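Chain B: place on chain A using the hints.
There are 2 protein chains.
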Amino acid sequence: MDLMPDDLVERAVRACGRTPAAAARAVLEFNRAVIDSVEPAAVAVKPQIAFYEAFGCEGLRAYAETIGHARARGLLVIGDVKRNDIGSTAAAYAQAHLPGPPASPPAPLPLGEGRVRAAWPAASEFHADAITINALFGSDGVKPFLERARQSGAGLFVLVRTSNPSSAELQDLDCGGEPFYVRVAALVEEWGACDRGASGYSLVGAVAGATFPAALRRLRQAMPHAVLLVPGLGAQGGTVADVTGAFDAQGRGAIVNASRSVIYAFRDGAGGGPWQQAVRRAAESLRCELWQATHGALGTAD
Amino acid sequence: MDLMPDDLVERAVRACGRTPAAAARAVLEFNRAVIDSVEPAAVAVKPQIAFYEAFGCEGLRAYAETIGHARARGLLVIGDVKRNDIGSTAAAYAQAHLPGPPASPPAPLPLGEGRVRAAWPAASEFHADAITINALFGSDGVKPFLERARQSGAGLFVLVRTSNPSSAELQDLDCGGEPFYVRVAALVEEWGACDRGASGYSLVGAVAGATFPAALRRLRQAMPHAVLLVPGLGAQGGTVADVTGAFDAQGRGAIVNASRSVIYAFRDGAGGGPWQQAVRRAAESLRCELWQATHGALGTAD
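In the order they appear, the protein sequences are chains A and B.
All residue numbers in the first sequence are consecutive under my numbering, ending with 291.
All residue numbers in the second sequence are consecutive under my numbering, ending with 291.
Hints listed in this document are in silico derivations from the structure and should not be mistaken for laboratory results.
Just to be clear, a hint being listed does not mean it is correct.
Coverage of chain A stretches by chain B, computed from C-beta distances (three or more under 8 Å per stretch; other residues unrestricted) [said to hold, decoys possible]:
1) 20 to 28
2) 73 to 82
3) 119 to 127
4) 153 to 160
5) 164 to 175
6) 261 to 273
Everything numeric in this text was worked out from a predicted model, so none of it was measured.
Heads up, the beta-carbon is just placed ideally off N, CA and C, and yes, glycines get one too.
Chain A extracted, bound-state conformation (with noise of 0.2 Å):
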């Protein structure tokens, strides 16, 4: 709430006063500005579903309406919600964020049976075009989001090697002669073999850090068919020249993710102009900075 705009955090104030409705109120409106700004820029957008569980129920419905509004804008949307469970409870969050078959009418039976009572419909607010997950338990934790992905064409992130400092403390155990990341990347390209699309990426994808080159150049080894999702750059401290290795020989292969320094691009007042430009010209010149590194020269690759 310290990083948005003054006046929209003060018509959201009036309205409701300072509680979590007037922050859910701020935010989206905010939200639906920045969406609207980066556009044309961006091929997708992330909403941390986090920083709207803080402001309870009221925070989540402006998750969902982030996510509406996104996705009627032409953007696909990864609700980047790092879930995980044992598989009974695997299955009940992938209901939440993600899309089931496409035409799946609750059947218009009596009462009374056993199947219906099965086939109750769960909500469809949170559902995004892919989400981020955590394998910690295994393949029969995330067997249950691997089924319904399948049913939508949606697709997952697995938390492979995370962008934060302290992540080496248990990813890069050795395990084996190969630190622990490795052993997940394994598992990701496993669990993504039956789902290859024409251009041979899975339905299954990874999250790795730009902040750790590196091991981003192993990842991209270590899983060929696996497209990375890339956190990390700009406020966390990765540059684009450390994400080049994250894509493959096409310039393919990841999808780099510049959160707070392009929502709040505005906030080192330079520029001029309303708010919503610096965030438009900073997804813009993002864009054009990691097509260069990847394409070379504008407009000389598809």
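Then chain B, alone, in the frame of chain A:
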């Protein structure tokens, strides 16, 4: 929804149709009755947020009201959320799920001062007495939870060895002569070192599944200051004999959790009477079995 008592589900459908709102209504009514039934036998309840999230904002409202009802009945609440992320995001999850300092009214200062904006109050509706977290991100993904828990005397249960069949895939990987989960256990002891109460136990506990008794005994030794939260009893296959290794020599230091075997106890058709009675009997009988397994005959220890 297919496991709950018929009349309760039918009432909700009559009121709201076959919708997420009806599901939320039925679940809340069911939970209130379960909580009232198990209260004499239980020290805590552990709602699993995934099953509420599947019903969207309506479902999460039922999660919040379930917490409120359990606290009103004097039960501790363990929010089974398994949240995890990098530091700045973990802080938002901590605000969402753990109470802050005892007296922190929003400062009544005028808008426009940076410090006031930063202190925007989070919502409290998901606040539990303790939560489960995933430690894959290492220390900087855990510390925001720890700082928040310290402020209010709340507790954390870090996933160390989970109860599901495939947990061995990653958690048992050999890391320099020790399984991965024992390395996580060492971190749990370290994170809790400064926060031990008169009991000798710290506010940083650990999740260790009932389904792996040998691991459970090993973890009791490896984490002498961590309360163990032990899921997997009943429906997942763990027995009372399997969990005795989780307790210390005084029969303390563990919270044993049974979910499906208690809340759906009425479905085996034994015993007769209203469904709530079967739930109460299942909880009471489990309490006695656990007490006898850890303290000998009932009433011989405090």
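Each hint tested on the structure:
Evaluation of the coverage hint for the stretch 20 to 28 of chain A: breached, as 0 residues show C-beta separations to chain B shorter than 8 Å, against a requirement of three. For the stretch 73 to 82 of chain A, the proposed coverage by chain B is satisfied: 8 residues have a C-beta within less than 8 Å of a C-beta in that chain, meeting the threshold of three. Here's how the stretch 119 to 127 of chain A fares: 5 of its residues keep a CB closer than 8 Å to some CB of chain B, so the rule of at least three is met and the hint holds. As drawn, the stretch 153 to 160 of chain A meets chain B at 8 residues by the rule of a beta-carbon pair under 8 Å; at three or more, the given contact holds.
Three residues within the 8 Å Cβ limit are the bar, and the stretch 164 to 175 of chain A against chain B gives 5, so the coverage statement holds. Residue count for the stretch 261 to 273 of chain A with a Cβ under 8 Å from a Cβ of chain B: 0. That is fewer than the three needed, and the coverage hint is violated.
When each numbered hint is compared with the structure, violations occur for hints 1, 6.
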